[in-house]
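2 protein chains.
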Amino acid sequence: MSATAQPDVMNFLNEVSSRFPAAISLAAGRPTEQFFDRLHPGALLDALTRYEQHALRSADAAAVRTRLLQYGRTAGMIEEQIAAQLRIDQDVPAQADRLLVTAGCQEALALCLPALCPDPTDVLLVCNPTYIGATGVAAGNRIALHGLPEGDVAQAVEQSVAQLQREGRHARALYLIPDFDNPTGRVLDEAQRRAILAVCARHRIVVLEDNAYGLFRYDGAAVPPMAALDEAGSVIYLSTFSKTLSPAFRVGAAVLPDTLFGDRAARHALWENLVQRKSYVTVNTSPLTQAIVGGLLLAEGGSLRNWIQPMAGWYRTNRDTMLDALQSTFAQLSDAIGWNRPAGGFFLSMDLPFEFDAQAVTDCATRYGVIVMPMSFFALDASQNRRIRLAFSAMTPPQIRAGVAALGGYVAQRLEQCSKSEMHAFAEAR
Amino acid sequence: MSATAQPDVMNFLNEVSSRFPAAISLAAGRPTEQFFDRLHPGALLDALTRYEQHALRSADAAAVRTRLLQYGRTAGMIEEQIAAQLRIDQDVPAQADRLLVTAGCQEALALCLPALCPDPTDVLLVCNPTYIGATGVAAGNRIALHGLPEGDVAQAVEQSVAQLQREGRHARALYLIPDFDNPTGRVLDEAQRRAILAVCARHRIVVLEDNAYGLFRYDGAAVPPMAALDEAGSVIYLSTFSKTLSPAFRVGAAVLPDTLFGDRAARHALWENLVQRKSYVTVNTSPLTQAIVGGLLLAEGGSLRNWIQPMAGWYRTNRDTMLDALQSTFAQLSDAIGWNRPAGGFFLSMDLPFEFDAQAVTDCATRYGVIVMPMSFFALDASQNRRIRLAFSAMTPPQIRAGVAALGGYVAQRLEQCSKSEMHAFAEAR
Chain Z
1 MSATAQPDVM NFLNEVSSRF PAAISLAAGR PTEQFFDRLH PGALLDALTR
51 YEQHALRSAD AAAVRTRLLQ YGRTAGMIEE QIAAQLRIDQ DVPAQADRLL
101 VTAGCQEALA LCLPALCPDP TDVLLVCNPT YIGATGVAAG NRIALHGLPE
151 GDVAQAVEQS VAQLQREGRH ARALYLIPDF DNPTGRVLDE AQRRAILAVC
201 ARHRIVVLED NAYGLFRYDG AAVPPMAALD EAGSVIYLST FSKTLSPAFR
251 VGAAVLPDTL FGDRAARHAL WENLVQRKSY VTVNTSPLTQ AIVGGLLLAE
301 GGSLRNWIQP MAGWYRTNRD TMLDALQSTF AQLSDAIGWN RPAGGFFLSM
351 DLPFEFDAQA VTDCATRYGV IVMPMSFFAL DASQNRRIRL AFSAMTPPQI
401 RAGVAALGGY VAQRLEQCSK SEMHAFAEAR
Chain Y
1 MSATAQPDVM NFLNEVSSRF PAAISLAAGR PTEQFFDRLH PGALLDALTR
51 YEQHALRSAD AAAVRTRLLQ YGRTAGMIEE QIAAQLRIDQ DVPAQADRLL
101 VTAGCQEALA LCLPALCPDP TDVLLVCNPT YIGATGVAAG NRIALHGLPE
151 GDVAQAVEQS VAQLQREGRH ARALYLIPDF DNPTGRVLDE AQRRAILAVC
201 ARHRIVVLED NAYGLFRYDG AAVPPMAALD EAGSVIYLST FSKTLSPAFR
251 VGAAVLPDTL FGDRAARHAL WENLVQRKSY VTVNTSPLTQ AIVGGLLLAE
301 GGSLRNWIQP MAGWYRTNRD TMLDALQSTF AQLSDAIGWN RPAGGFFLSM
351 DLPFEFDAQA VTDCATRYGV IVMPMSFFAL DASQNRRIRL AFSAMTPPQI
401 RAGVAALGGY VAQRLEQCSK SEMHAFAEAR
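So the protein lines, in turn, are chains Z and Y. Sequential numbering of the first sequence, starting at 1, is according to UniProt numbering. Sequential numbering of the second sequence, starting at 1, is according to UniProt numbering.
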């Protein structure tokens, strides 16, 4: 399981979407646009002005103007505020002096993966399937991937380490979305997290904990993030404001542990490595969008929990709508069709009794008016060929119901074909 | 001449600046802050609103809100406007469908260099000295560098190609700042540009033309950019709004030629490669800062020539102030001290009769209160050890006069030491 990810997934989906603009997209894992009115231009100005007023407490007007409009510190401008928000909202023990503000979580991945896996024998461990933002960085930087089979992640890491060692290679990092995984929607429980941390600490594997969806939990108790459970100094925590505020700010963060496996100098060296890499990628994250994020955090008293309430409610309704629609559409259709019930996030995964590939996306869009995401697009091998990812974040409940009904039509037709060809095969075999 | 660039230059200078906050910095090539008031928060809102109004002509309010706040097209949102501005202001034959909006010129370099030099035998040609933003990307992506000695660039390229071929390696790209080079201030004349284009076309070497300073010409007639002279399809033109508007927007662009050495499909494949790489680095450039840039371009009728007039006047005065101060400080001091008279840009280069290294930076800052940039920081070898770069962009005329006078004190002391040690060496030798 060491293939590279399919690189043209986004292009393919954009093309399908533009060829079938009327189709309902259950493919895009975008945040809802229902609450964008809260970020109208005047509100953005208010946020910017609020940040400016705050900055004026400790600097004169010219210095503040310069901070907003000149080249800025590569590591960031609002690290204190982001660190505080992560402590308050996520229980992540973040500190400003080991936090790097990035152009979204994606830049954090683009900086961390090459820094952690510099040598040709270095390997990045990923779940299979996993988010293409991580595998795409690996492919672009010629970093070898090793996919972990589904099931017990800690055990899979242990086995992978042994296998790689026999090959003269080394697992250096594990990319993971413990909460409401993209693409599967699965959550790792606390015991699993602790077991993964133990095995990673033993083998000095850095865990890249991507927590884009953590605040969007719709039921059940929160599980502590791995960064909060980390005692060995193995977790780099990746955060983003793309889902809580807006993807347009392009503001995210990477938080390093206090020590790297007990070594504070090694952590500091890694931090400097990341800062230097960033200076050769984006120089610094836009201080203007940082200031707007900073102003919104000030207005919210440092926490985004209230801000996201209406969004979380919306997503919960969408998830419930999708689960209801799936139940009424597919319950009687086949025993071989199943799906999970994620407690949060934007996605669920669905098992089908037939393969669902790029051609199926086009057929389904053309003839049934719904676009869904083959799980194989996130996979390193053929193991995901009979699964799809359904996103419930960006659509409205009526769209979700119509989309699932349309998917039902496609699936019924495929099942009919399957049974016909099965009968045909049966007849041929006689 | 195939060493890697010194990676910690920026850190070193930041440290020196923070250790000696009262020192005058002739090191930082930042734009002046004198005109930042034009971009106060209200003006930014006006620009955003202007862009919004413009967008509303062809889309409804919800679609425009989505365009500003949702994940956006990876290639950009304001390509049409940037392409038009480059055609009007720089005579660059830019078209939106082969223009990629980037997080400043730096991201364009971070995307282009690995795309053009994917193999271990691929080599990037650079002038020596050259801008560390380019050599830093090469170092971070393990791209081999080959420095061109000063003098005739076309001839140096021809010789380097032959030398590399004997080593089984291939020059794939040439990074160049033809106008007001950073760090030297030199301008390539039209004959030199045409000769470079001819040799690069012959060997299928892509020219990366970085034109951050082109609009800041203070005297003499403009030389056409290489992208305007390019008939073979060899020039990728790199632009940025960091010097014309503000570095805080983090908006720049890469413009591909119509064909890549006559091959339109190859150009299209390169464009798709760059877009895909960008999707794994920053996803897309902030649509909010793009919209502000777009609104400012609308307000200026599509050209930045008027906008930059006061800045260009300021820089011209600064350059003249620096040249006068150099003349009065150093003219009598030594025949071995010289400097160029750049017709534009932010920098000039100065030759000294002694080595000027990192220790010299600290000594000069500590004892004379001025920070300057050793040219060796931009060099691939020892050839630049007796030169410095002086930036006249960010300081005021009184600061420039005081800074040059302080540098004069340091140089006088070094010359005295030199002659003492020369006398000493002379005495020893007897």
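FYI, nobody ran anything at the bench for these hints, they're computed from the structure. One should not assume that every hint holds.
FRET-style restraints, in silico, Cβ to Cβ [to be verified]:
#1 Z/Asp263 <-> Y/Arg142: 24 to 32 Å
#2 Y/Ala63 <-> Z/Arg341: 29 to 37 Å
#3 Z/Ser383 <-> Y/Asp37: 58 to 66 Å
#4 Z/Gln192 <-> Y/Ser18: 43 to 51 Å
Backbone N, C-alpha and C fix where the C-beta goes; we use that ideal spot for every residue, glycine too.
Checked hints:
{"no.": "1", "hint": "Z/Asp263 <-> Y/Arg142: 24 to 32 Å", "in the structure": "holds, 26 Å"}
{"no.": "2", "hint": "Y/Ala63 <-> Z/Arg341: 29 to 37 Å", "in the structure": "holds, 34 Å"}
{"no.": "3", "hint": "Z/Ser383 <-> Y/Asp37: 58 to 66 Å", "in the structure": "holds, 59 Å"}
{"no.": "4", "hint": "Z/Gln192 <-> Y/Ser18: 43 to 51 Å", "in the structure": "holds, 45 Å"}
Of the hints listed earlier, there is not a single one the structure fails to meet.
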